[in-house]
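Chemist: If you want the building blocks of each chain, they are given just below.
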Amino acid sequence: MAVASVETSIRTGSMTRVFLYLVLILFSLFYLLPFVVMVLNSLKPLSEITGGNMMALPEVWTVEPWISAWATAQIGIEPTGLSPYFWNSIKMVVPAVAISTMLGALNGYVLTKWRFRGDTIFFGLMLFACFIPFQIVLIPMARVLGLTGLAGSTPGLVLVHVVYGLGFTTLYFRNYYMAFPTELVRAAQIDGAGFFNIFWRILLPSSGPIIVVSVIWQFTNIWNDFLFGASFADLDSQPMTVALNNLVSSSTGVKEYNVHFAGAIIAALPTLVVYIVAGRYFVRGLMAGSVKG
Amino acid sequence: MSFLKIENVTKSFGPVEVLHKVDITVEEGEFLVLVGPSGCGKSTLLNMIAGLEEISSGEIYIKDQPMGGVHPSNRNIAMVFQSYALYPNMTVAQNITFGLEMHKVPKPEREAALDKVSKILQIEQLHDRKPGQLSGGQRQRVAMGRALVRNPDVFLFDEPLSNLDAKLRVDMRTEIKKLHQNLAATIVYVTHDQIEALTLSTRIAVMNNGYVQQLGTPKEIYDTPANIFVASFIGSPSMNLIPASVRMEDGDCFAETTNSTGDVISLKFPNPGEALRAYNGKSIILGIRPEAITDPEGADRHSKNIQTVKNTAGVIEPAGSDTFVANTLGGAECVARMRADAEVHFGEIFDFAINMDKAVPFDPENENRII
Amino acid sequence: MATTLARADYRTRLQTILPKLVLSPSLALILLFVYGFILFTIYLSFTDSRMLPSFGWVGFENYDKLFRLRHWSVAVSNLAIFSTLYISICIVIGLALAIFLDQKIRGEGVLRPIYLYPMALSFIVTGTAWKWLLDPGIGLENTMHLWGWDSFTFNWIKDRNNAIYTIVLAAVWQTSGFVMAMFLAGLRGIDNEMLKAAQIDGASNFQLYRRIIIPQLRPAFLSAFVILAHLSIKSYDLIIALTGGGPGRATEVPATFMYSYTFTRNQMGIGASSAVIMLMTIAAIMIPYLYAELREKD
Chain Y
30 MAVASVETSI RTGSMTRVFL YLVLILFSLF YLLPFVVMVL NSLKPLSEIT GGNMMALPEV
90 WTVEPWISAW ATAQIGIEPT GLSPYFWNSI KMVVPAVAIS TMLGALNGYV LTKWRFRGDT
150 IFFGLMLFAC FIPFQIVLIP MARVLGLTGL AGSTPGLVLV HVVYGLGFTT LYFRNYYMAF
210 PTELVRAAQI DGAGFFNIFW RILLPSSGPI IVVSVIWQFT NIWNDFLFGA SFADLDSQPM
270 TVALNNLVSS STGVKEYNVH FAGAIIAALP TLVVYIVAGR YFVRGLMAGS VKG
Chain H
73 MSFLKIENVT KSFGPVEVLH KVDITVEEGE FLVLVGPSGC GKSTLLNMIA GLEEISSGEI
133 YIKDQPMGGV HPSNRNIAMV FQSYALYPNM TVAQNITFGL EMHKVPKPER EAALDKVSKI
193 LQIEQLHDRK PGQLSGGQRQ RVAMGRALVR NPDVFLFDEP LSNLDAKLRV DMRTEIKKLH
253 QNLAATIVYV THDQIEALTL STRIAVMNNG YVQQLGTPKE IYDTPANIFV ASFIGSPSMN
313 LIPASVRMED GDCFAETTNS TGDVISLKFP NPGEALRAYN GKSIILGIRP EAITDPEGAD
373 RHSKNIQTVK NTAGVIEPAG SDTFVANTLG GAECVARMRA DAEVHFGEIF DFAINMDKAV
433 PFDPENENRI I
Chain U
31 MATTLARADY RTRLQTILPK LVLSPSLALI LLFVYGFILF TIYLSFTDSR MLPSFGWVGF
91 ENYDKLFRLR HWSVAVSNLA IFSTLYISIC IVIGLALAIF LDQKIRGEGV LRPIYLYPMA
151 LSFIVTGTAW KWLLDPGIGL ENTMHLWGWD SFTFNWIKDR NNAIYTIVLA AVWQTSGFVM
211 AMFLAGLRGI DNEMLKAAQI DGASNFQLYR RIIIPQLRPA FLSAFVILAH LSIKSYDLII
271 ALTGGGPGRA TEVPATFMYS YTFTRNQMGI GASSAVIMLM TIAAIMIPYL YAELREKD
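Protein chains in written order, with our numbering: chain Y, 30 to 322; chain H, 73 to 443; chain U, 31 to 328.
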């Protein structure tokens, strides 16, 4: 893990250590509690939630809320469950992640190995684009998507996510390729490899870790996005987050909390799985996005 | 017909000129070493020969063909890098033949070439390994193999030995020299190590601050350095530089300086030229190599111009084969190189034998050698 | 350079053109979709656009209206409260956890991912979970009552004066683990020899942290501050999911203000001007930071 390099040489007494463990465990409860309680309650019938204690284990275990959340719950006006929106999200995330990572890799390659006058300005422009508040582009984006006929469509959302993810992917690959020895590129040039050959044969085979970082970062961000989905999607392209919000905040009928929780967990599952499987790359992505290099 | 010709080449980064009008001609089979401190422009010059950096003005010719605008891969050169620059994801065999593959050489020919080169460098057993599994010396060989297999007109070496430990460096130095002699290859070699320059080269270009300070054979560079920079950069310990003044007497020409006790010492120049005579009454810097200041028994027997002077012996540093004795001449710190068993003690007045055949006078103002 | 290019071979020409060719799609996208759009929004903020963009120039009228809107000043002061608390609590918790975790804790490998996982969740999911935990009818308050603590009340989410603090709570829950990771990385980068030297000099653990270690975490503090400030100004999803800006306008912030004025209240000119103010605030924080970071590199 990126963080776990050298242990401190500071010593602590045994009383202090008891205190340390106590605080650390309390905090882990704080972080775990909401999610654990959500999982428990998603496996209860509704009556146990409204009439009972949220901390209690289910008296009757049921997967009914999960089935409902996935397949039959009322979202907006249709009783479709979250499943169509789950696929909407997938159809949006996969191309957006692939395209932005590919472009980011090429940008990083050029910015470090084919430097030219003005490349720092280019990079500065890309970098600042990472941090703009998206509110500043909402109005013109809505116009442009409308004019090009992409409004409310998955390709439209893919475009939006590629554009606003490009800064980060470029940043990742640039920082990674900065440390890649330029002599290798020169050797390959003398050997007669061209621009793309050098990229494919020399750089890309050594880029595994940063590709993982970039893919995870983009996947998490795009999957979790709400603002663009809420602004630019219609029923056929709405992503998971928007559908979940519709499910949870719909004011009609009884609030089926257990179904809401099941839905929330379904929405969180892909990114959680990524986090559990590739946690250290996830952390590296977060770090690279904050402390550059 | 010259093989490699560097004509009036300059390099500027924006308004800053880092390499000034360099002119060097290299004949076929020559081993040219570019040597100088870091930042002197030697690597820039090498990269320009390779086509990896643009030339700001001037031209480089290889076999009389101008190289401006010619892609590195079309110059028929090969380069060995300081870090070896082996492709980490490829095996040794793939590393060596990558260039041939890029030049669309058919596979059977590539393999024949690989076998031939591997035999020369004794790396046949390493073909399937990745660079990460090789020792420093093995990587060095593979990097040379990658250059050899191309059968280029000119080999370029960019500090290829600086990442090796001391012992391996000496071994590889010998191998490179052997390779040069066996293949009669034309080589341009960059280093900051003056010993490498002296041992390997047929000719040396000493560079500093973007200027070629002197271009000549190792012997010329060592015995008759063109200026104070070359004198102090080449040789270890470096040449003693003694403030002195010129005095003419009865047609003989003397350098006058002082010893540690303040007594005047007169050293007679064996064959003073016109230029030196013109310095009569003026100050000069007298350059004398440490091995030209010895104990009287250790002095060169063939030299007729050994002059013995009395001086105080300073710190004594036995170094096995020799003993270095610090002393002061004309107020400057000097080093004498004596026999290992010279009977000399710290602080005593001792006879120092100075070989004036090897003395080189410099102008203190422009720092050039007075010819 | 131009002369050498003129007689350059095919390969050399190609390799001078290709890199720029490869960058150009990205450059075009960024110039149009980021900088072009920013200019367009700035322009709109000076027009009388309402439901749709229109181009009647009105000068600073929108800004004038904006700053006189009670709704906007509520949003700004909410953001001020939210970001101050959010940033400082995250940094305190993050630093404390990092220092504690750095004491050769057994089970660090288990604890660390637990602290960090909320960062992988969508704010919408976080909002859903906390909305219900904080709901007095079925959440924490209800649980405490069932456990016999009848006097326990925790109804901030329904309370105009306190609702903003629930946003802080949920946001801290989500990101404080990440701040911990940043500080931990900083701590692990500190030279242990120096700590040993200070211990030999007789420094107590407290002095060690106060005088030697924490001052060296300056870059981590700076990064944490910048990232958190940036997140807090942008935050929209969490508020929508947790409170929807309510009760009343109690948790309205500039991000929600902009959205509702632009898309539901048909006051696009005012919406645009609020977005410009948000951009300027972020730029004031980010540009010096990015400039310093880029300069260090070169």
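Please keep in mind that the hints were generated in silico from the structure rather than gathered at the bench. Keep in mind that a hint or two might mislead.
Stated by the list, open to error - Here are the simulated lysine to aspartate or glutamate pairs, EDC-like style, with alpha carbons at most 20 Å apart:
#1 K135/H <-> D39/U
#2 K376/H <-> E389/H
#3 K202/H <-> E212/Y
#4 K284/Y <-> E171/U
#5 K176/H <-> D39/U
#6 K376/H <-> E405/H
#7 K50/U <-> D148/Y
#8 K430/H <-> E369/H
#9 K284/Y <-> E77/Y
#10 K176/H <-> E196/H
#11 K284/Y <-> D165/U
#12 K291/H <-> E415/H
#13 K50/U <-> E126/H
#14 K382/H <-> D335/H
#15 K50/U <-> E231/H
Chemist: Is the hinted pair K50/U and E231/H satisfied, with a Cα-Cα distance of at most 20 Å?
Modeler: Status violated; Cα separation ~32 Å.
Chemist: Is the straight-line distance between the alpha-carbon of K135/H and that of D39/U 20 Å or less?
Modeler: Holds: K135/H and D39/U sit about 17 Å apart, inside 20 Å.
Chemist: Given the hint that K50/U pairs with D148/Y, does the C-alpha gap stay at or below 20 Å?
Modeler: Distance of about 10 Å is within 20 Å: holds.
Chemist: Check the hint pairing K176/H with E196/H against an upper bound of 20 Å on the C-alpha distance.
Modeler: violated (23 Å)
Chemist: Straight-line Cα separation of K284/Y and D165/U no greater than 20 Å?
Modeler: Cα-Cα ~13 Å, so holds.
Chemist: Keeping to a limit of 20 Å between CA atoms, is the pair of K284/Y and E77/Y held or broken?
Modeler: holds (13 Å)
Chemist: Starting from K284/Y, check that the Cα of E171/U is at most 20 Å away, please.
Modeler: Holds, because 19 Å separates the two Cα atoms, which is no more than 20 Å.
Chemist: Against the 20 Å threshold, does the CA-CA distance of K202/H and E212/Y hold or violate the hint?
Modeler: holds (18 Å)
Chemist: Going straight from one Cα to the other, do K376/H and E389/H come out at no more than 20 Å?
Modeler: Cα-Cα ~28 Å, so violated.
Chemist: Between K291/H and E415/H, does the CA-CA distance stay at or below 20 Å?
Modeler: Cα-Cα ~31 Å, so violated.
Chemist: Mind checking the alpha carbons of K50/U and E126/H for me, to see if they're no more than 20 Å apart?
Modeler: The given pair, whose Cα atoms are some 18 Å apart, holds under the 20 Å limit.
Chemist: Take a quick look at whether K176/H and D39/U sit within 20 Å of each other, Cα to Cα.
Modeler: Holds - the C-alpha atoms of D39/U and K176/H are around 18 Å apart, at most 20 Å.
Hints 2, 6, 10, 12 and 15, counting from the list given before, are not met by this structure.
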